[in-house]
Amino acid sequence: MDKFPFSSASAEAIFGSHFVQPENGPQSEDGSVYDPHLDAVDFPSYKENVYSYIYDNLAMIVLNSNYWYTPSAKAVSMIGGNPSGYIMDNQIKWLSTTINQFEQDRNIDHIVVTVNTPVFPTGNNSNSGMWYGGNNAVRPMVAADKVSKGIIERRDELLDLLVNRSSKTKIILSTDEHGYSRLAIHPDLALYPEGYRGKKIKLNRSLVQVTCGLSGQVSERLMDFPWSGFIEKTSSQPAVVFIQVTGKQVLLRAINPRTQEEIEEFNIR
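Numbering (the numbering used here), first residue to last: 1 to 269.
Be careful, since some hints might not be right.
[Claimed, not checked] When the alpha-carbon atoms are kept at most 25 Å apart in a straight line, the in silico BS3-like pairs for lysine-lysine are as follows:
no., residue 1, residue 2
1, K233, K149
2, K93, K168
3, K168, K248
4, K248, K93
5, K248, K233
6, K168, K74
7, K200, K93
8, K3, K146
9, K200, K248
Keep in mind that the hints were calculated from the coordinates and are not lab data. Every value quoted in this text rests on a predicted model; they were computed, and no experiment measured them.
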């Protein structure tokens, strides 16, 4: 959980003090519709933990899905904060602006978005990622008030930006789950739990989600998700993912760094 004072003791501040990253992201969630004190700084900084950079014809966007973090959805309802996986308002607005800029840049052919928590969990925890068992009631609470949009609504806004409003976004890179997986995101993917009553979106093209987070104990047991049938590769091996870009072509390679064994090689269309 983020500690006070946010300017020096939050996870965001500590991360920024240990690494040197671009400083072109949003400032914070101050000034958002749920900011309780518009004349004061109430939220941690996004400095050096949300940003973008360009390498030749590829643009990388780094998001923070553990911003203003509270360890569990249950704890959020008692003490406030943000559940893991939820991208808050100012960050999603910045992402929209950044995606639009890269879409209009003729020198950029590919966009890769990296975010800690998977958009679609593929491992052994259904109460994680941007899913929480499909419970849209999960959302941040600011100054004892829940924000207007739940985790599924915000996930759908993210998907709309990366899939429907972007033609260049090719890969979503995530970690968090202890395992390697590759999921095909496409228009036929089942997005919702049975009986979901909220507004639904329709995806208009395909991209790939790659999850690689093997710093902890790996579970061989996989949960059953609506999209489980579209998980095209899983592995419990330690993995390092390489993205090789040659002009319009993108090649993804996953390699076991201990044995040098190739886990998979996949061409991104």
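For each hint, the structure was consulted:
1. K233 / K149: 32 Å, violated
2. K93 / K168: With a Cα-Cα distance of about 18 Å, the restraint between K93 and K168 holds, given a limit of 25 Å.
3. K168 / K248: 10 Å, holds
4. K248 / K93: Roughly 28 Å separates the two Cα atoms, so the pair is violated.
5. K248 / K233: 24 Å, holds
6. K168 / K74: 37 Å, violated
7. K200 / K93: Judged against 25 Å, a Cα distance of about 20 Å means the pair holds.
8. K3 / K146: Holds: K3 and K146 sit about 20 Å apart, inside 25 Å.
9. K200 / K248: 32 Å, violated
In terms of the numbered hints stated before, the structure departs from hints 1, 4, 6, 9, listed from lowest to highest.
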